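There are 2 protein chains.
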Amino acid sequence: MAAVEALIERHQDTLARALTALADRDYWSPYPEFPKAYGENAPAEGKAAFEARLGTAFELPGHPTTGELVAGEASPYGIELGIGYPRVEADALLAAARAAAPTWGAASPAERAAVCLEILARINARSHEFAQAVMHTTGQAYGMAFQAGGPHAQDRALEAVAYAYAEQTRLPERAGWTKPQGKRDPLKLIKDSVVVPRGTALVIGCNTFPTWNGYPGLFASLATGNPVVVKPHPRAVLPLALTVLIAREVLAEAGFDPNTVTLAAEHDREGISKTLALHPDVKIIDYTGSTEFGDWLEENARQALVYTEKAGVNTVVIDSTDDYKGMLNNLAFALSLYTGQMCTTPQNLLIPRTGVATDQGEKSYDQVVTDLAAAIEGLLGDDARAAAVLGAVVNPGVLQRSAAAAGGEYGELALAPRVVESAEFPGATIRTPALIKVEAHKPDDRAVFLSECFGPVFFAVAVDNTADAVELLGRTVREQGAMTATGYTTSPEVERQLVRACLDGGVSLSLNLTGGVYPNQTAAFSDLHGTGANPAANAAYTDAAFVASRFRVVQVRRPA
Amino acid sequence: MAAVEALIERHQDTLARALTALADRDYWSPYPEFPKAYGENAPAEGKAAFEARLGTAFELPGHPTTGELVAGEASPYGIELGIGYPRVEADALLAAARAAAPTWGAASPAERAAVCLEILARINARSHEFAQAVMHTTGQAYGMAFQAGGPHAQDRALEAVAYAYAEQTRLPERAGWTKPQGKRDPLKLIKDSVVVPRGTALVIGCNTFPTWNGYPGLFASLATGNPVVVKPHPRAVLPLALTVLIAREVLAEAGFDPNTVTLAAEHDREGISKTLALHPDVKIIDYTGSTEFGDWLEENARQALVYTEKAGVNTVVIDSTDDYKGMLNNLAFALSLYTGQMCTTPQNLLIPRTGVATDQGEKSYDQVVTDLAAAIEGLLGDDARAAAVLGAVVNPGVLQRSAAAAGGEYGELALAPRVVESAEFPGATIRTPALIKVEAHKPDDRAVFLSECFGPVFFAVAVDNTADAVELLGRTVREQGAMTATGYTTSPEVERQLVRACLDGGVSLSLNLTGGVYPNQTAAFSDLHGTGANPAANAAYTDAAFVASRFRVVQVRRPA
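Protein chains in written order, with the working numbering: chain A, 1 to 560; chain B, 1 to 560.
Everything labelled a hint here was simulated from the structure, so no lab data went into it. It is possible that part of the hints are untrue.
Said to hold, decoys possible - In silico DSS-like links for lysine-lysine, alpha-carbon gap of 30 Å or less:
| no. | chain 1 | residue 1 | chain 2 | residue 2 |
| --- | --- | --- | --- | --- |
| 1 | B | K274 | A | K283 |
| 2 | B | K188 | A | K325 |
| 3 | A | K325 | A | K437 |
None of the values given here were measured: they were computed from a predicted structure.
For reference, chain A alone in the conformation it holds in the complex (with noise of 0.2 Å):
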């Protein structure tokens, strides 16, 4: 395994690195997330290698298949992509994967951390190329695509590298152990701890964050020595295809079986995620998706590890602030960046009718939301601009959603959504926020606001006053479930509730957010994503509960 350690002597100054920053909690990333700083030709070459992908087959040499292709991705930019990824069966895929696996679970925790990392160094110098691809699968526009879909996602898959490493080398691989027995000799054993993976683990993938999402799982199952499955959306499966493929090369030249990571496309609705998702071979699952297929997946999913991230509402309570313009700036960005189609993203903002006490004067309800809509619209007053934020609508349950509030149909419109037209891709399906005036103690507001409208919909719901608002918050991620919540106030009282309700519901909490932080994004190495504490996930990106369960511990003990 000569190849092997050359990439840990080349991985090791990082992987220290990174370990150091998972106790520190302060910014760092060996990923440059300015697009700038992959040379002056990375863009264009990264544009050449996607489009040389257009219209042929995706090949993934050695990996199983039945030899059909599966193509179904259609970029949100009206762009026909018409990539074939190699059709595979589920038994077939998960035998190559066991074959793969003892090699790689016998590698050292060192071995595997060293290999992840220089996938993960390869996938970085394509960044260009991986952005292409994110911004035609999800729809995020070219800058959010890049640094989403690029260096940030490797960020979290890096730190899921670096806890798999730090958990696995928590116990010496051989210990002595000497027991004092008064006069007689001590008791001598030497103990051996041998990591042992659990098995295969497969990674469903989303349509919005293919590499995000998928990273922290298939990095955090991989580096533990379990041979991993990825399963793209149907509709998002290039960036994964290429994270695959990278993954399979540097594998096959460290001396491993490339089918360790392998590639589950399908049609759409075929149905591969269940049938992997039951056999006796999948021991881990990391899922992002849908509440309802994630809930099956915990019910039934029975012999696996499962990590799900489902569906969530967040919420912003606004209470007061010293910085009018600058909330409202902070909002108008965070509801409208990649419209509004993170699960970070607020939802509702929730606003006392005893009005916002600011560093403009007291604002009415309706003069916040008055404000707010100006924000967007001065936001996205500008095409390009809007394209820029907005990207693009990443499917058709999301623009259905955008025509229903834009058609009433959620309530009172206090900013309609419009059409934004692109100049470089005439195809786009593009769309400006919808703000929707409810009230907190309607019922039929209460129906329509208290459940995810994902996408472009954002409801200013009018509460009684703060303790109202703060109530509802508590209520809403208890039983919806929230990955952020948010508040602005200038009042310690009112921050210690919001804090109180946060920690009682199990949601982290964004406080007076008005500059270039957003409450939807979260930093590698620092935020948490997710909790795990309520019901909109059941796992965190990335403590060391996250990881500590991919792998087992078998001692081998001897006399000395």
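Fit chain B to the supplied structure of chain A, relying on the hints for placement.
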């Protein structure tokens, strides 16, 4: 919380030393295992304290109760216990836990660890009283009841507390985050990470090791901030009732609600375990006992994390040895200790028909069986010594199996069980082991020895050769589960095969034990108990995975 501060100071050195021990994995314990270390009068005082409880009501001040008492313990030594414990309704118990939860949950990990260590210090000081309680509920001989039920159980508890502290403090309570923005000012946030307990924990104790098997879950859940309901086995209440009593005293003195730890005593088969296990409040369950109920919990208690230790079949492979006498004596003691009523006791001894190479020449299958039977007879020839090793038969099921073995029901007897009389306890039920000769490939025999036969019934299994033995070991672990595996060999190649089979099966292996360490014993801070990688248990005492999911982390971030 001045009281808590004092506890932190009192126990901080022990905690620090325990954290070091977790990483070093050498022998360490702060709780002396020699009875005499507790003072000359301690045994008599412990006995007096135990006897004072006989026939009385066990008082738990402030504990929920219907006012009725439950009593159902029967000493395997034939004495009447007649202790009445407060009867409780599940709803009242869980309401009390709910009321206690916020204060305990708001304590810091350091405060909780200190309270747990004070509980353990007081339990430790009363180890002789616990020894009586364990002896007269489990049937363990006094010496074993003292060690395994006292200091060794306390070691496992401390280990869980230390892991819980380590896991909860992996993220700093507060961290700054500064992200450079090129020429612009950096983004700066302050981020707080708050440990949030998961919810009420349920510990379901077993008949044979109420403290040793009960403490890891109890203290792991408690130290991570969860209120704990302790449901003892109806035949082994006293050791856990004493534990709950002491825990409540310490909690109250430290300013917490004593109902943070409660007792759910019940009459046999009353069913409170099921009621509690399915209650939505209960978020964590630790269980030791039958496979049937363990599987039921895993299948049905879907709202909870479920940690189970169930039945298994433990195997010894005898290939060769350079210390034949040492091997026989070690096995004789391992099989005899506590009448084989340990989940770690070997059940099947696989002996090749091709013979066993030893320092005393080649031994045939028959010779090894004869010599092992003789070693057991030698160990247990004297009734007083036999009673001190065997203890007593824990319950009628074990007695029935011993009788069935004596009647030849399981196969040809190489060693017949005999009745041992206790001078001290004329009513004690004491039996020596039965050793049965069976054949690995005879279907009738396989049907017998390939399922758990809990108690003093052991099978000398004739296998074709060592390879056959290794194969059968692996199959037994995979299909039946196992808590331990044991091998004797002088061949490096056979050793490799044994290690491989145990890694693949997911069971820890003891090799060539011929001295004062036995296959059925594990030491806290060094050996894991169980692996969680085979059907016998889904978790191990104690690794990071055992505690890491018992709490979640909620973050609060705000501009710096």
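**OP:** Could you tell me which of the hints above the structure violates, numbers in ascending order?
**Re:** Violated hints: none at all, because every hint is consistent with the structure.
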